[in-house]
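From first to last, the protein sequence lines stand for chains C and G.
Take the first sequence: its letters are residues 1 to 475, numbered as in the working numbering.
Take the second sequence: its letters are residues 1 to 363, numbered as in the working numbering.
Take the hints with a grain of salt, since some may be wrong.
[As the list claims (entries may be wrong)] Computed footprint of chain C on chain G; a stretch qualifies when at least three of its residues, placed anywhere within it, have a C-beta under 8 angstroms from a C-beta of chain C:
no., segment
1, 51 to 64
2, 200 to 213
[Unchecked claim] Here are some of the chain G residues that sit facing chain C, going by a computed Cβ distance under 8 angstroms:
no., residue
3, T31
4, K223
5, F226
Simulated from the structure, these hints should not be mistaken for lab results.
If you're wondering where the values come from, they're calculated on a predicted model, not measured in any experiment.
Note that the Cβ used here is the ideal one computed from N, Cα and C, for glycine as well.
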Amino acid sequence: MLFNSFIFIIFLCCVVPIYHFLNRRYRNLFLLGASYLFYGYWDWRFLSLILASTLLDFHVGRAIYHNEDEGRRRFLLFLSVAGNLTILGFFKYYNFFADSFAALASVFGLKLDYAHLNIILPVGISFYTFQTLSYTIDIYRRKLEPTDSFRDFALFVAFFPQLVAGPIERAKHLLPQIEKSPSATAEDFREGLALITIGLFKKVMIGDTCGRIVDQIFADPKLYSSPELMMGLMLFAIQVYADFSGYSSIARGTARFLGIHIMVNFNQPYLSANITELWKRWHISLSSWLRDYVYISLGGNRKGTGRTYFNLLLTMTLCGLWHGAKWTFVFWGFLQGSFLAIHKLILRGKKATLGFTYAGGRSFFVFLCKVVWTHALFLFGLLFFRAQSFSNASYILKEFVFWKSYGFDRQIFTIVFTYYFVTILIDVIEYWTKDHAFLLRLQPAYRTGLYFATLGITFVYLFQARSYPFVYFQF
Amino acid sequence: MREHVRFFLKMTLTFTIAMVLLELFLRFSATTTPSVLVDDDMFGKMMKPSTDVTFVNEGLRIGRINRYGYLGPAYAPRKEEGTVRIALMGDSYVAGHHLFDRHHFRYLLEQGLNQLCDSHVEVLNFGFPALNFEQMYLYYEVFARKFAPDFVIYVIGTSSLNQPSDEVGPRLVVTDDSVHISYAFRSSKRFAISKRLSPLKRLALYSLLRKGKQIYDRGDAPKVIFDKFFILARGSGRSAEKHSVPVERPERKAINRAIVRQLGMSNREGGPVSIIVTRGELPRGFVEFAKNNGVAVWDPSARLDSLARSGIDPNWWAGSQRKGHWNQYAHRVIGDFLVHKMLPFIKSLAKGQKTLRDPDRAP
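The following block holds chain G by itself, in its conformation from the complex:
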């Protein structure tokens, strides 16, 4: 009996030491990046300031979350006199955890505008993976607004309009013509558990296990384990995907429209100018609604299509041999597209036209 206990103790000790060493290996070799998010009472989760990040997914990114808790260069909340600021709001397409900042359209937009106009332009990347339109708006309200942007660009796709919001985070409550933010999540059980688990979340091992769990939850485990046998058993007779017309889910429509109304109001009242940039086709009704409310909707898809016609798939990642987010070449096209779209506004802002009521009127 004593022998067995001793065996078990020795085994546990070695197991623990090995796990610690493996944690160090995973972390330093960037095999798995520990979560870069920390719990936050305002937004549920925020990026941890001053954190080095290395992501190897469809692409490669080595970078840093700046000391203010967003991506790219650390521009302080208080901006210099004469500086024009553009805030980029969006999901993983804007966060760009798959490419270096110097290949991101944020950098290219900033460089392009600074070269072409007299004003000093700063572009701040508030991209945050997996946000929907509501969360992007809330992220702006609770965090990005502090940085006093002159322009706010929302990069959205149909999924941003339809995806439900994370339970652990603020919600936008629409009542008749007004909206307000509810922070009910602070008293939720999930937020409390999330806070309690926060030391664990800083482990690379936890990240690794969580990714595995996500695959299991998606129901992909049999496919991973049984490989071709699973495909054989299930049959490969999947019908080809048809191009479907994007639609807005009824349950998300009220929220999305309320946000657009708020953005339009801000545009009309001389607040920061909000612009929507599409990543993929948006529901036609939504686009019309935005335009009618004075929110410009810019669509770079023609540029991306021409890139595709030149033989470069904007979503193809040669390094990982898969399709995904915009690649470096697509970012170049988007950067160039935005430079030319934004240039007239920056110039008119420099001439003293403080309010820009309808950005769509730009040449």
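Next up, chain C with everything else stripped away, as it sits in the complex:
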């Protein structure tokens, strides 16, 4: 079920009142059923995977906690990690590694007959796998006590607002809330509505509409001129951000309707003045997951300078692989790791500046230049993220170098400028107010007018356009 569909709105309108009418004892059971319905709506067969992952980590988590023998604990952790990664690896990476291996073998003149499988990638598998993994790892690290309720744990894994595209929640944050089966307050409803309105607008009116242009251009880049390709790339930057941050806002808003707070996943990343800051503001739940469970597990910055850079590169390359089973994603991750490593090198041990403090016109100008430079670096990386292949990416790069236009540059500029203006405007307001539900700062009368207009147009557009799945569903 897509958030940007009428069926989800109907689903939400049924789930929220029933949840609040029910006795607290039955709320989680009901929510678990609703979450499975939400997930099974794509394909009910996917439910078996989520159940397998839930069963494995629930029992392994308890076993780790109740076991004092370090060797046994490590073995149990290995069981959980291997079990989850096997599911993920098979469904997401089997063909990637099989194809890559066959291609490598063919370089040496070997022809490998292996079975290329037609596997459907289950929606959101990377997200819930990482979420359940963090549960067992935290128990192993003695940072978390396991829950005794299978129902609550199953709901923690399958909680529908954040099941298919995050935020990748930590058990320490989400489980205690689930265990309480809270009721939403009036404030929760107000904030939830504001978040959903902003999220839907971002997703449907910005992300999806950008996506229609981006998909055309990247489907066959050779048909397009340099300005058109540049438009495709810049609009993709807007699309991926509006789409994912819009999703996260809707997820947060939906959870608030159920009285549950889920973490912020995006914090105006395009207003970052350096790449380190950008990665602290972009897909925060994944960045922090990778930091806590990969980078730190590899030794972090505790094993010398060289090893720190290596760990950074490796973590970000894995981040690329997490995004998709394609070498272009791996390269994108490696590129991001390189940018971070170079920035770390430039900083020479100093901490990266986060945020902007106004200290006169010059400081603002310098900040603006840094923001533009950071965005340009990010755009360069996104080219590999979005291109279907390296040959397409290199073709596009060549077109950027040997600029060639067939006219209509003014129209192209207008489209790109409009999308950037609206997206950045929302970000600036959020940045300024330090509030994602900034609409609540308006008087109720003004706010209501804005809701009617924004939601009205969003729904009309949704009605007449094809619902676009979220970009991050494929991951």
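Please arrange chain G on chain C, whose structure you already have, making use of the hints.
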């Protein structure tokens, strides 16, 4: 009470301001293109001259309606001495609102002919979405004729022959052996309402709402809203579509035949040479009738089939993942097909053979 009124006023004010801002967003981001049509006393509606257009549908088009009110380069009605002009008449397949002009067969035909022959060739795109054969003919008569084409290519499919004409527009009246154009629509209520609504039509918001209404009118609303549940309730037991032999609807037959007779007469009398190019299979009876009346019918389907056999579906749009009009590769094939079909005529025209009575005799 006063509090409520104040609340309502504030809410209305914010709503209005938000709608204005949303209108600007929709317009400048090309999310919804406001209607490019204006009311016209001759044809009911015409493309608004000098208008930038961006269409994102099955494909992408960024372009402009030229200052004369048609698509592509602005060739003035008066043509230069020695210039050969080809007018393309057709519906959305010819208008090509889903691809750039440089990928359109209009451009490829013009380029190809200019490279291969000594005459200067200009190809004018008078494509207009949703026109039927009658309307294409009328559009030529009331508008395209002014541009003095030497050749007029009608691109039609079976739907062009069978689709009823728009109420708001001229009609062709057939009486025995003659035809004349009726402009009765000018006094119709619908035309008057359409004219009154014209400022609204220039809004992107209006376009957005109109598209929604079209879906509602088609009866697709339950499917959009209830998604899989609607399909479950209705059942998925639809029988596979069978290939049916194209037929001409009896009520449209007289009009279509009258037009063909007119085109044939023009071909015989040294007027602009009219040619029919098919987009899909046409009823056999119609094709025979056209040929018997001296109107050539060219069928590029063999070329398109060979494109499909090479692994490229001529109607598949990879960007939007759906089937639709001819894509860029199909346009390339059509352009090439027409270049080779037209070349002998252009060359013979250059040699001074002013009248080309039977274009089908071409090698």
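Hint check, failures only
Number 4 - this is the single hint that the structure violates.
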